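*Asks:* Please build the complete structure, drawing on both the sequences and the hints.
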Amino acid sequence: MPNIGKKREGGRWRSSHGFTLVELLIAVAIAGIVMGGIYSVFLSQQSSYEAQAQVTALEQKVRAAMYFMQRDISMAGCDPTGNANAGILTAGSHSIRLTEDLNSNGDSTEYNEDVTYDLYTTGGIQKLGRKSPFTASNQPVVEDVDALDFLYFDAAGNVLPTPVSDPSRIRSVQITLVVRGEKTDRHFSNTTIYRNQAGTSIFGPANDHFRRRLLTAEVMCRNLVF
Numbered sequence: 000m001p002n003i004g005k006k007r008e009g010g011r012w013r014s015s016h017g018f019t020l021v022e023l024l025i026a027v028a029i030a031g032i033v034m035g036g037i038y039s040v041f042l043s044q045q046s047s048y049e050a051q052a053q054v055t056a057l058e059q060k061v062r063a064a065m066y067f068m069q070r071d072i073s074m075a076g077c078d079p080t081g082n083a084n085a086g087i088l089t090a091g092s093h094s095i096r097l098t099e100d101l102n103s104n105g106d107s108t109e110y111n112e113d114v115t116y117d118l119y120t121t122g123g124i125q126k127l128g129r130k131s132p133f134t135a136s137n138q139p140v141v142e143d144v145d146a147l148d149f150l151y152f153d154a155a156g157n158v159l160p161t162p163v164s165d166p167s168r169i170r171s172v173q174i175t176l177v178v179r180g181e182k183t184d185r186h187f188s189n190t191t192i193y194r195n196q197a198g199t200s201i202f203g204p205a206n207d208h209f210r211r212r213l214l215t216a217e218v219m220c221r222n223l224v225f
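First residue of the sequence shown: 0, per numbering that gives the first Met the number 0; consecutive thereafter.
Misleading hints may appear alongside valid ones.
Computed list of lysine to any residue pairs in SDA-like fashion (alpha-carbon distance at most 20 Å, straight line) [what the hints assert, rightly or not]:
{"no.": "1", "residue 1": "K130", "residue 2": "F67"}
{"no.": "2", "residue 1": "K182", "residue 2": "P204"}
{"no.": "3", "residue 1": "K130", "residue 2": "S73"}
{"no.": "4", "residue 1": "K182", "residue 2": "N206"}
{"no.": "5", "residue 1": "K130", "residue 2": "G86"}
{"no.": "6", "residue 1": "K126", "residue 2": "Q59"}
{"no.": "7", "residue 1": "K182", "residue 2": "T120"}
{"no.": "8", "residue 1": "K182", "residue 2": "D207"}
{"no.": "9", "residue 1": "K182", "residue 2": "L213"}
{"no.": "10", "residue 1": "K182", "residue 2": "G123"}
{"no.": "11", "residue 1": "K126", "residue 2": "L213"}
{"no.": "12", "residue 1": "K130", "residue 2": "D117"}
{"no.": "13", "residue 1": "K182", "residue 2": "V141"}
So the derived label-pair ranges between C-beta atoms look like this [said to hold, decoys possible]:
{"no.": "14", "residue 1": "R62", "residue 2": "A28", "range": "45 to 55 Å"}
{"no.": "15", "residue 1": "N206", "residue 2": "I124", "range": "17 to 27 Å"}
{"no.": "16", "residue 1": "T199", "residue 2": "D106", "range": "32 to 42 Å"}
{"no.": "17", "residue 1": "G81", "residue 2": "Q51", "range": "50 to 60 Å"}
{"no.": "18", "residue 1": "S39", "residue 2": "A155", "range": "57 to 67 Å"}
{"no.": "19", "residue 1": "L88", "residue 2": "T55", "range": "28 to 38 Å"}
{"no.": "20", "residue 1": "H93", "residue 2": "P204", "range": "13 to 23 Å"}
{"no.": "21", "residue 1": "P79", "residue 2": "N206", "range": "47 to 57 Å"}
Quick caveat, the hints were computed from the structure, so don't treat them as lab data. For clarity, every value in this text was computed on a predicted model and none was experimentally measured. Where is the CB? At the ideal position from N, CA and C, for every residue including glycine.
*Replies:* Spelled out as structure tokens, the structure:
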């Protein structure tokens, strides 16, 4: 049989094809470096995707919660007949109770006409609750809420001390809400101090790995302007 692909050295035939052990080790090392780089890029992209997904979810949560509060607070004092005595009943730093006569029947006792917003905790999770005499207990608006803060302003734009002793003086309400993500991100450390528009610290620093979003809105109580 012809010695194809072989050459004679020192009286022995040696194959001229294939890789030596050193060449194989070098190839494996290069492949490992390449695969490590690819995996590192994959992890970075995955982390970036998860972070963006959390930010999007946080934005949706905090905006949905703010929408409900703005809607109700803007209607506080709605009293078409003048007989319901509707208005803001209690005004604290972290809770508010208001009434409104939505069906114009002269009282504010129907469902959704007497509303309280505050924070409560169940199962170790703090939530923004919406409560009325009909539900008797808090109904969750959004979960993982770290802070809920209210500032109240009179007709001259002055901040009223809380709890407001005379809620009839309130003309606008400033709401500040801090919502936390559901999962931690080990690549992120949260050392932020969250403040309301008056510069008062309302939460933090948590010194943890949760992402958070703060949203502030001021609501004009158009039915209380008289």
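*Asks:* If any of the earlier hints don't hold here, list their numbers in rising order.
*Replies:* none
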